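Student: Residue strings, one per chain:
2 protein chains.
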Amino acid sequence: MRNYFCKKPLWEVSRTLAGVAQGRIPADTVIRGGKIINVCTAEILEGLDIAIAEGRIALVGDASACIGEHTKVIDAAGRYIAPGFLDGHIHIESSMLSVAEYAKAVIPHGTTGIYPDPHEICNVLGMDGVKCMIEESKHTPLKCMFVMPSCVPAVPGFEDTGSFIGPNEVAEAMKLNEIVGLGEMMNFPGILYCGDHAQDIVGETLKADKIVTGHYSLPETGAGLNAYIASGIRCCHESTRAEDALEKMRRGMYAQLREGSAWHDLQEVSRAITEHKVDSRYACLISDDTHPHTLIANGHLDHILRRALEFGIDPVTAIQMVTINAAQCFQMDHDLGSIAPGKCADIVFLESLESMNVTKVLIDGDVVAENGQLTVEVKPYEYPEWATSSMHIRDEITAETFRVEAPVGAAEVTVRAIELIPAKVPDIERHVKLRVKNGLLESDVEQDVLKTFVFERHHETGKVGVGFTKGFGISKGAMASTVAHDAHNLLVVGTNDADMALAANTLIECGGGMVVVCDGEVLGCVPLPIAGLMNAKPVEEMSEIVSKLEQSWADIGCNMPSPFMTMALIPLACLPELRLTDRGLVDCTKFEFVPLIVEE
Amino acid sequence: MRNYFCKKPLWEVSRTLAGVAQGRIPADTVIRGGKIINVCTAEILEGLDIAIAEGRIALVGDASACIGEHTKVIDAAGRYIAPGFLDGHIHIESSMLSVAEYAKAVIPHGTTGIYPDPHEICNVLGMDGVKCMIEESKHTPLKCMFVMPSCVPAVPGFEDTGSFIGPNEVAEAMKLNEIVGLGEMMNFPGILYCGDHAQDIVGETLKADKIVTGHYSLPETGAGLNAYIASGIRCCHESTRAEDALEKMRRGMYAQLREGSAWHDLQEVSRAITEHKVDSRYACLISDDTHPHTLIANGHLDHILRRALEFGIDPVTAIQMVTINAAQCFQMDHDLGSIAPGKCADIVFLESLESMNVTKVLIDGDVVAENGQLTVEVKPYEYPEWATSSMHIRDEITAETFRVEAPVGAAEVTVRAIELIPAKVPDIERHVKLRVKNGLLESDVEQDVLKTFVFERHHETGKVGVGFTKGFGISKGAMASTVAHDAHNLLVVGTNDADMALAANTLIECGGGMVVVCDGEVLGCVPLPIAGLMNAKPVEEMSEIVSKLEQSWADIGCNMPSPFMTMALIPLACLPELRLTDRGLVDCTKFEFVPLIVEE
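Here the protein sequences line up with chains A and B, keeping their order.
Numbering (this note's numbering) for the first sequence: 129 to 728.
Numbering (this note's numbering) for the second sequence: 129 to 728.
Incorrect hints may have been included.
Said to hold, decoys possible - Here are the simulated BS3-like pairs of lysine-lysine, each with C-alpha atoms no more than 25 Å apart in a straight line:
no., chain 1, residue 1, chain 2, residue 2
1, A, K303, A, K163
2, A, K335, B, K266
3, B, K598, B, K561
4, A, K163, B, K604
5, A, K303, B, K405
6, A, K136, B, K303
7, B, K335, A, K303
8, B, K303, A, K335
Derived from the structure by calculation, the hints contain no laboratory data.
Note that the structure is a prediction, hence the values are computed from the model and not measured.
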């Protein structure tokens, strides 16, 4: 695939590179004395220099003749030199950071290219939002090779999103040079049962000669997996068992082994490589979703590499998984993924293969980070006003908004409650008896059952979904969030109506985010003004604000790990068993709306 | 790269494939019971079926549910099943066979796709000739994924060819779906010294997002090789030493290890893999030039696989080199090169991994060969009249044509003779004293020095190059050939003028070819009416005719192996030291014309 993510296309600079390689033109930069990790041959080679010009590698060999008066010579003695790391599947929005801040956070960890799927912003702001992220990415040296969200809305007919993506929208998006493929095709039922919508979205991508990325989360590697792959889907990050990853690779599908902030798949899935000793060219390492705290505390792909070593993967093999294998997955290996003549000079210095500590990073031949610090300016990008004012809720929200009337005359009713399982994706439909107070249904802290509301926030439709959630364990206060997958409507959960109204209004005021309130006071708030999903503050600051918010959760009694993550899945109607969208309660085993009150 | 060489594009059949995989639609064909060579993971897997529909693989797994009333079930018990073999660098013209006959010859040996470089016909007939071969290829099931000849003429200014290819012609050619890249860029000096012609030809290919294939024959792996690769050239088949191949792979260049009829590189270059134990994903096996006899006696890629095993390459690794590695080299691995869902059902049955004997071949799901025999009809293709009448020589040729006048009054002169080295590519400039007879210079059989003429045959320019050749060892008769690299003018060598005229006129009459005559009689003749290069007769017949011709050579006293091959290189002015084109003698160390007679 033609690469629009380098300083200059090769044919514009090939004469210069040939001249540099042969000592007729001085190199811009020469790296000397490092141990080169050759991902093409899986060797570590010493005694070779790297000569760079016009952002590309001109020579790997003896660069003595390439050094001129103005050549920058970098001494790499004692360092390992790897190609820049590539993350083949990642959602920037999960970090809550803007693209610029995300780039600043990951580049010092050796990441030089990512294949982001802007699925979340697309649900809120559609293609216009995606284009903002593309635009912002151009302000950073990070190569952001976007894939087009494929499943907006996630579950059509059961929720209201800010936009709709169909085959026509995908065909249009594929004309953009910045879009290299299709984002994770989560609608595997649509693919398996040959729905035109899903099949045509994939088809438009294939027609454009771009890459279709996948999401096949069934623990089934027979008929279904074959049908899914046969439909043209090239990679998948949803393996949670070693055999899933292995069977995918055996069928020519890139197995993107995941180690995200919340998804720790690698220990298990790495066995596909370590135990089966297969050719690992179809294996990659990816992060999917990473929180600001993980980026600060652990890093990005460098962290995942360390985990890979821990689980017994050979260091050179592991590095292939974040370089050449990823580049081959996206058919961009002619420009990316190896330290070789003609390739973009995206280069990472490592302290050692044991630590995988990144000491220096070059992108397109420029040193962009050193010792954990970005060394270049990133020109700020201003999101347009419509992108930072995405709270379009029709009706004023007050305590009264949260009144849930019981059937006339009832003293007790049975409601369908969504029971959460801490740090797990599925939930359980639980039937709970609630006593009626003054004709109303209220949160019942003793039973750990809380009123839960979802307000449509994209088109001022006034739609509100009402339900109950069980399992947060809080004894007071309320929480709200606009990170509420995948439609990202305004989700409010609480013990009392006044706090719920405060939580909701706090987020309406700050343009979206996550908040915890108690007794009329805001305990913690993470403002996410960009689409209600992201904030342009630096990762350190965001990590701190998020930590404070987590403390606020604890203060009102919740001991779940990352409770906001679990909360954010309440509306995700493609997951089992019971979910609440702005249109109401959805039985996700049958894809039917169900009433709040169980008729007995 | 989008693939136009399959029955139907994936997006047109993905619904059917998904339906077949899940047992909702019966497969066209199911292969059961074989041992599948999984080139993605480098494993041999048993107990898996392959379900095929619409020419593509729908499932690799349990296909019980895919078998319907009309499903063809192929029992593969005891067989190994490999993806169809791909030859990444090959000149069909070298076989002297038409595309159809070439396809018929190689398909039964497991070849399902080739990347032909129609360099020879392009020199004679230009793009129109290339298009004829493309058209003919469509009559065969063989996937002929053409690359565009890059160096026509081979040495501009020193010879007359039938056509000229520059950057504009390449840019035009890249618009054709049947052309997937650029043919071997032999003009490495042009690349290294950044000549606009060579660099732009490569640039136009890269702009079109197609693959540039290489030809870097210098025993130099430093500055020059780096400059060559940095210019965007992706693969090279010219390694003759293991270290050449190794250094290419280390620089992200596909090393196409060659085993042709005349070039036996594999024994040496395979050490790059066997001794260095590197990741072999950047290694391929290719044939380059194969004669009809080799195809009959040895086979094609199956033969090269056998050679690879002989030299210690693991069978699965070797099979990767003619399947997935080749497909990845051309960035067509999404459609070709593995037995995996969605891929073209190009499949080879092998008797054993030791013998590599091919027992059955499928292309696009159809059985096309069994037990060495093609099982499908190939509709004949008629070359247009202009393509089969390419002998455009201005002047009538008679015995008098071959008179070489000595300087007036000289009794003896010293001439520059081209001394051949049997079965080697270079020649030597040798200065030979010739006695003048009746004011003329004649062939001198005692010194083994023969008159040699090259007649321009493309544009009736009347140009004739005159020289002497040493080393054929014949004592009588004459030979002529229109296979005379790369301009393919009419080359005549002989002991006497009458036989030389007969040889020349025999070829003019039959539209080109190769001939041996003696004492006014044609001893052996291989007519090559298609562009003076190819014949539409079957390989068996051609092999026989060529054998007879070789016998004729022996009959007049030549004991060289394949003397026609050596003869064909006499005009190839890109090789050292002294060559003869239709424009005269060329000193190929200095790229200067030199006179026949050495001034002393």
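Student: Which of the numbered hints above does this structure break?
Tutor: 1, 4 and 5
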